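A.B. asks: With chain V's structure known, arrange chain X on it following the hints.
Listed in order, the protein sequences are those of chains V and X. Just so you know, we're using the UniProt record's numbering here: the first sequence kicks off at 1 and counts up by one. Just so you know, we're using the UniProt record's numbering here: the second sequence kicks off at 1 and counts up by one.
Remember, identical chains collapse to one label, so a pair may be satisfied in a single copy or spanning two.
Quick list of in silico lysine to any residue cross-link-like pairs, SDA-like style, CA-CA up to 25 Å:
| id | residue 1 | residue 2 |
| --- | --- | --- |
| 1 | 73 | 58 |
| 2 | 156 | 32 |
| 3 | 270 | 199 |
| 4 | 210 | 38 |
| 5 | 298 | 276 |
| 6 | 210 | 200 |
What the hints contain is simulated information worked out from the structure, not anything from laboratory work. Note that the structure is predicted; figures quoted are calculated from it, not measured.
Chain residues, written in single-letter form:
Protein chains: 2
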Amino acid sequence: MAEVSGKKWVLMVTAQTPTNIAVIKYWGKRDEKLILPINDSISVTLDPSHLCTTTTVAVSPDFTHDRMWLNGKEIPLSGGRYQNCLRELRARASEVEDEEKSSSAAGFACLVFSLAKPKNVKEDQSKLSSIARQGSGSACRSLYGGFVKWIMGKEKNGSDSVAVQLADEKHWNDLVIIIAVVSLRQNETSSTSGMLETVETSMLIQHRAKEVVPKRIIQMEEAIKNRGFPSFARLSCADSNQFHAVCLDTSPPIFYMNDTSHRIISCVEKWNRFEGTPQVAYTFDAGPKAVLISHNRKTAALLLQRLLFHFPPNSDTDLNSYW
Amino acid sequence: MAEVSGKKWVLMVTAQTPTNIAVIKYWGKRDEKLILPINDSISVTLDPSHLCTTTTVAVSPDFTHDRMWLNGKEIPLSGGRYQNCLRELRARASEVEDEEKSSSAAGFACLVFSLAKPKNVKEDQSKLSSIARQGSGSACRSLYGGFVKWIMGKEKNGSDSVAVQLADEKHWNDLVIIIAVVSLRQNETSSTSGMLETVETSMLIQHRAKEVVPKRIIQMEEAIKNRGFPSFARLSCADSNQFHAVCLDTSPPIFYMNDTSHRIISCVEKWNRFEGTPQVAYTFDAGPKAVLISHNRKTAALLLQRLLFHFPPNSDTDLNSYW
Numbered sequence: 001m002a003e004v005s006g007k008k009w010v011l012m013v014t015a016q017t018p019t020n021i022a023v024i025k026y027w028g029k030r031d032e033k034l035i036l037p038i039n040d041s042i043s044v045t046l047d048p049s050h051l052c053t054t055t056t057v058a059v060s061p062d063f064t065h066d067r068m069w070l071n072g073k074e075i076p077l078s079g080g081r082y083q084n085c086l087r088e089l090r091a092r093a094s095e096v097e098d099e100e101k102s103s104s105a106a107g108f109a110c111l112v113f114s115l116a117k118p119k120n121v122k123e124d125q126s127k128l129s130s131i132a133r134q135g136s137g138s139a140c141r142s143l144y145g146g147f148v149k150w151i152m153g154k155e156k157n158g159s160d161s162v163a164v165q166l167a168d169e170k171h172w173n174d175l176v177i178i179i180a181v182v183s184l185r186q187n188e189t190s191s192t193s194g195m196l197e198t199v200e201t202s203m204l205i206q207h208r209a210k211e212v213v214p215k216r217i218i219q220m221e222e223a224i225k226n227r228g229f230p231s232f233a234r235l236s237c238a239d240s241n242q243f244h245a246v247c248l249d250t251s252p253p254i255f256y257m258n259d260t261s262h263r264i265i266s267c268v269e270k271w272n273r274f275e276g277t278p279q280v281a282y283t284f285d286a287g288p289k290a291v292l293i294s295h296n297r298k299t300a301a302l303l304l305q306r307l308l309f310h311f312p313p314n315s316d317t318d319l320n321s322y323w
Numbered sequence: 001m002a003e004v005s006g007k008k009w010v011l012m013v014t015a016q017t018p019t020n021i022a023v024i025k026y027w028g029k030r031d032e033k034l035i036l037p038i039n040d041s042i043s044v045t046l047d048p049s050h051l052c053t054t055t056t057v058a059v060s061p062d063f064t065h066d067r068m069w070l071n072g073k074e075i076p077l078s079g080g081r082y083q084n085c086l087r088e089l090r091a092r093a094s095e096v097e098d099e100e101k102s103s104s105a106a107g108f109a110c111l112v113f114s115l116a117k118p119k120n121v122k123e124d125q126s127k128l129s130s131i132a133r134q135g136s137g138s139a140c141r142s143l144y145g146g147f148v149k150w151i152m153g154k155e156k157n158g159s160d161s162v163a164v165q166l167a168d169e170k171h172w173n174d175l176v177i178i179i180a181v182v183s184l185r186q187n188e189t190s191s192t193s194g195m196l197e198t199v200e201t202s203m204l205i206q207h208r209a210k211e212v213v214p215k216r217i218i219q220m221e222e223a224i225k226n227r228g229f230p231s232f233a234r235l236s237c238a239d240s241n242q243f244h245a246v247c248l249d250t251s252p253p254i255f256y257m258n259d260t261s262h263r264i265i266s267c268v269e270k271w272n273r274f275e276g277t278p279q280v281a282y283t284f285d286a287g288p289k290a291v292l293i294s295h296n297r298k299t300a301a302l303l304l305q306r307l308l309f310h311f312p313p314n315s316d317t318d319l320n321s322y323w
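In isolation and in its complexed conformation, chain V is listed as follows:
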């Protein structure tokens, strides 16, 4: 592509990156700049044909500065996050002219992939994950399908804080994930400032990171390896709740769940207790969407029935119109 002659060229590349759902949560950094976490985390990567981030990158020597549009709306690139990513990529770009400028979009993993493509970046996956991490920590887990562990690492420069695939997308493909949008309201607290405040003020977060999560990581890897749904579900639910517990233990407290989230949890907990063994796992991130992971297609169908019964689409407590 570098052969394009003169200055009248635009190079465009489009990439799609899947979304990942953490089942052992990442919350808290030990290095704000390099984005190094205080604990390992594990996620499931969603099938990109169902849900993913699409990023198009256009590169041209005629562009005078970096610009970025998110869902059609231009957003400022002044934040350190984007600059970090762009700088890392530029530093690695070898075969495209120096004067060239580029811009990009949502989903840092996607950004990294897209940028890596036109610039012919020659990096192994774990190096890419380290670059994506510096844009948004959890993005690094989206570089693989299936089940992915983001290892916190020990090095000060973050070189060993990388994502590794625990199992590929075929290993446990009867799981069905349902995402219920509880509220369309934007979060009041971004995850970046939220986790910073938790690390600074919570008296429980270090105990979670050092004593609780390491054990859960081992148990979760085991559950994934053996496709042990009861253990997988218990660990996912407990870790989601503990993540929200340390948010609540933050000063001022952070609330990402609302009454509807609570009702969904109670509904799933009651069902699981009634059946004697978990049918569905729930996990909630830094926002009011419920992620429900069911054992198989049959339980997924039953789950949808229950959700529609408890949250009928036209009632006041409709999941979408709750707020």
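C.D. replies: Here is chain X on its own, set in the frame of chain V:
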């Protein structure tokens, strides 16, 4: 009173016991039967002329069995709690006939006081607190006015798990407490079963009890001694939030706060941040009532204004009609 002759007598005693509001929370027992807590707690006793529990005890040799009415409704006395209290009291009663049976009402502190009266129980206050404790742990803190600490104690038999007064009701009497009833719905999880489940399943509760609370108790005693409102408020809010955090870390999770509680907290936090120093402290117990402690009468008036602005009495989000 023991001189009443024959069998045709009824002895009635009415006692009033104040309500106490924990600012460092009691959550979790190390002994379910003796009701021995896993950490110290500190409370403020409300002025009994404003809010208290009234208990009338009637004793007669004609009564064939124990009966109890709570708010006019008879409730079963079969629970171990009531029996413990009654047994303790009977064991201590010396000057009234053996065949006498007695019954009682809500507020175990009140029960103990009332029962202690007709039976001429000769006990010091800390012994009484130990009896009240066995009915409902936190009740022991209501036996004193002002600020009260319930010392967890070390003894296996609970003899040193008693309430002591930190400061009397005159020490810091410009504090004004406002109680906002967020919901009239009964709690789904009683505090008895809730704290048992937390101790059994939360990975954070022991860290709270052993590492966090002991330091907070010292800081809170200091704040009370010096009437240091900023420190008092910060500790109260942080401990309330941490108590709800360990409830959320319980499996299945326990939710005592709802969206309205969250809105009240956000409202107070924003106000406190705007003023640069805390004006109001909030604390929430095992139910959806908000307890708001303001620095003085002036901030209490401003607080009421704000509450009425954010929760207008006739709107849908009225504190009382929320559910």
